[in-house]
Structure formats: C-alpha cells, structure tokens
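Novice: In case you want the letters, here they are:
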Amino acid sequence: MIQLTFYGFAALTLGGALAVLLTRNVMYAAFFLLLTLLGVAGLFVLASADFLAVAQIMIYVGGVLVLVIFGVMLTHKPDTKTNADSQQPNRVPSLNRLSNSWVVTVLVASGIFVTLYSLLSRSSFVLLQQPIGWESTVTRVGMQLMTEYLVPFELVGILLLAALVGATHLAGRKTAD
Amino acid sequence: MIMNSYLFLTVAAALFSIGLAIVLLKRHVIVVLMGIELMLNAANINLAVFSQYDPNRIQGQMLALFVMVVAAAESAVALAIVLQVYRHYKTVQLDELNELRF
Chain A
816 MIQLTFYGFA ALTLGGALAV LLTRNVMYAA FFLLLTLLGV AGLFVLASAD FLAVAQIMIY
876 VGGVLVLVIF GVMLTHKPDT KTNADSQQPN RVPSLNRLSN SWVVTVLVAS GIFVTLYSLL
936 SRSSFVLLQQ PIGWESTVTR VGMQLMTEYL VPFELVGILL LAALVGATHL AGRKTAD
Chain B
13 MIMNSYLFLT VAAALFSIGL AIVLLKRHVI VVLMGIELML NAANINLAVF SQYDPNRIQG
73 QMLALFVMVV AAAESAVALA IVLQVYRHYK TVQLDELNEL RF
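Note that the protein sequences, when read in sequence, are chains A and B.
Numbers given in my numbering equal positions in the first sequence, counted from 1, plus 815.
Numbers given in my numbering equal positions in the second sequence, counted from 1, plus 12.
Hints listed in this document are in silico derivations from the structure and should not be mistaken for laboratory results.
Heads up, some of the hints might be wrong.
Claimed, not checked - Here are the in silico distance ranges between beta carbons for each label pair:
1) ASN16(B) / VAL923(A): 25 to 33 angstroms
2) VAL97(B) / SER939(A): 45 to 53 angstroms
3) MET873(A) / TYR101(B): 30 to 38 angstroms
4) PRO67(B) / PRO967(A): 15 to 23 angstroms
5) VAL953(A) / THR103(B): 43 to 51 angstroms
6) GLN105(B) / LEU819(A): 35 to 43 angstroms
7) ILE817(A) / ARG99(B): 47 to 55 angstroms
8) GLN105(B) / VAL929(A): 25 to 33 angstroms
9) GLU108(B) / LEU849(A): 25 to 33 angstroms
10) PHE78(B) / LYS989(A): 39 to 47 angstroms
11) ASN110(B) / TYR822(A): 42 to 50 angstroms
12) ARG69(B) / SER939(A): 40 to 48 angstroms
13) PRO67(B) / SER939(A): 18 to 26 angstroms
14) ASN110(B) / LEU849(A): 26 to 34 angstroms
Where a beta carbon is used, it is the ideal one built from N, C-alpha and C, also for glycine.
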C-alpha cells in the first residue's frame, strides 16, 4: 500500500515535470507545476517530513505558484502575427537550431541522470542501512527553530522581508519620469 | 511502512534532470524560473530523505525549510524584474532580450 502511494506520488511529480518540459503553453506549464509541487509534498510526507510537506503546500502552491501565475498573466502576449508570412524566410534555420538545442539538452540532462543513477545504484551508504521509522517531526522542528537555528531563522525572516519589499518596489511603476 | 531511500534519491535525480532540461531548453523567462524551482525541489527531497536518519537534530529538514524560504524570496524578486523587463521590451522571450541599453 505504501509502495503504491509512493509510486503514485513519484509518477505525479515526474509526470508533471515532464509536462512542464513538453508543453508549449506557459499557463499549462504553471498548472502542471502545481501537480509537481503537490507530488513533492506527498514524497515529503512519505519521507517523514510532514511539517515540510505542509510548508511546501503553503509556500509553493500558495505563494510561489500564485506569483508565477500572476507573472504569466501580466506578461501574456496574445498570439499576433508572429507566425505570419513575414517570418517565413527565417523558418528553416530557426527550426534547425531548435532541434539542435533539443538534442543537446536531452543529451546533457539524460547524461546527468544516468550518471546520478549509476552512482546511486552502485553506492551503498552506511547511513542508509540504519533502521528508521516514520514519526512526526513537527515538535522537533519547532524546538530546533527556537534553539539551534534561532539566528538563521531570524536572518531568513529579515531576508524575506527585504526581498518582498524590494520586489514591490521593483514591480511598481516609476512615477518620477 | 518505510520506503527504500534509494527510490527517493532516484526520483529526486530524475526531477533534477528534468528541471535542468527545462532551464536549458525553454525560451520563456517564467518557465525557466519554474525549472529552477524544480531543481530546488529535487534538492529538498534529498535533504528530507537523508534527514530521516538524523531524527534528533533533523538538520536536513531545517536546511530544506530555509531553502524554501529563500526560493520564495528569489521568485518574488525575479518576477518583479520580469515584469519590468516586459514593460520595457514588450517581450519575455530570452532570445529576444539582447539589448543592454535602457
């Protein structure tokens, strides 16, 4: 049962990511990213990181994805005459370059994946042979945030505040000129 | 009850590769940002998996939490910049942004 759940979430994650890679519509890519992030949240739960899963859903799905969809909609350009006859002479070279970049990218990405996979399948971590069990980590995360990680916690809060204030300033219209 | 950790690591490796392919292949700025988010998520999966074996200090999960916060800050600033770029150049395709002069 737990295996089935794992494979379901893994398929959701990887399928969503592949769909982001393959779709041509930016809005669809944003929605497939939603599937991927939910799948990653499920994988977090299976890795006994339940606080992280809830944080993932709240930060990514509730924050980052909404920002991304806003960005997509604000920068959306309706399909105008870009594919009309005026671009026809450039068609063949650009198509050629496009397929070249596909080949190179697929080679690089699959090369990295094959390297990582062969490393993983040949390695045997000593750490991973310890017995573990599933347990909730919420209380532990709270204790760690208030003791060992107090200074990074405050620092990252200040960083987030500064970044958000800077983002609103950057995105605002310039009124001086 | 508990999954084999190598499966998690394999899924994370595949997710990282797909994110890298998106970053290299796509021409739209926002889709490239999505690829970066996918790579950060793959790293977070690895951190959470290894953090299972450290149940007292859970350093991996704490680092993953900070990674998430920094990723949120990064995407907010990046989208603000993308918005200004779009206002100026009227495009967000990376191939067409080839002027530095403002």
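Novice: Compare the structure with each hint and give your call.
Specialist: The hints, checked one at a time:
no., hint, result
1, ASN16(B) / VAL923(A): 25 to 33 angstroms, "28 angstroms, holds"
2, VAL97(B) / SER939(A): 45 to 53 angstroms, "48 angstroms, holds"
3, MET873(A) / TYR101(B): 30 to 38 angstroms, "34 angstroms, holds"
4, PRO67(B) / PRO967(A): 15 to 23 angstroms, "20 angstroms, holds"
5, VAL953(A) / THR103(B): 43 to 51 angstroms, "45 angstroms, holds"
6, GLN105(B) / LEU819(A): 35 to 43 angstroms, "42 angstroms, holds"
7, ILE817(A) / ARG99(B): 47 to 55 angstroms, "50 angstroms, holds"
8, GLN105(B) / VAL929(A): 25 to 33 angstroms, "31 angstroms, holds"
9, GLU108(B) / LEU849(A): 25 to 33 angstroms, "28 angstroms, holds"
10, PHE78(B) / LYS989(A): 39 to 47 angstroms, "33 angstroms, violated"
11, ASN110(B) / TYR822(A): 42 to 50 angstroms, "45 angstroms, holds"
12, ARG69(B) / SER939(A): 40 to 48 angstroms, "24 angstroms, violated"
13, PRO67(B) / SER939(A): 18 to 26 angstroms, "21 angstroms, holds"
14, ASN110(B) / LEU849(A): 26 to 34 angstroms, "32 angstroms, holds"
In summary, the numbered hints that this structure violates are 10 and 12.
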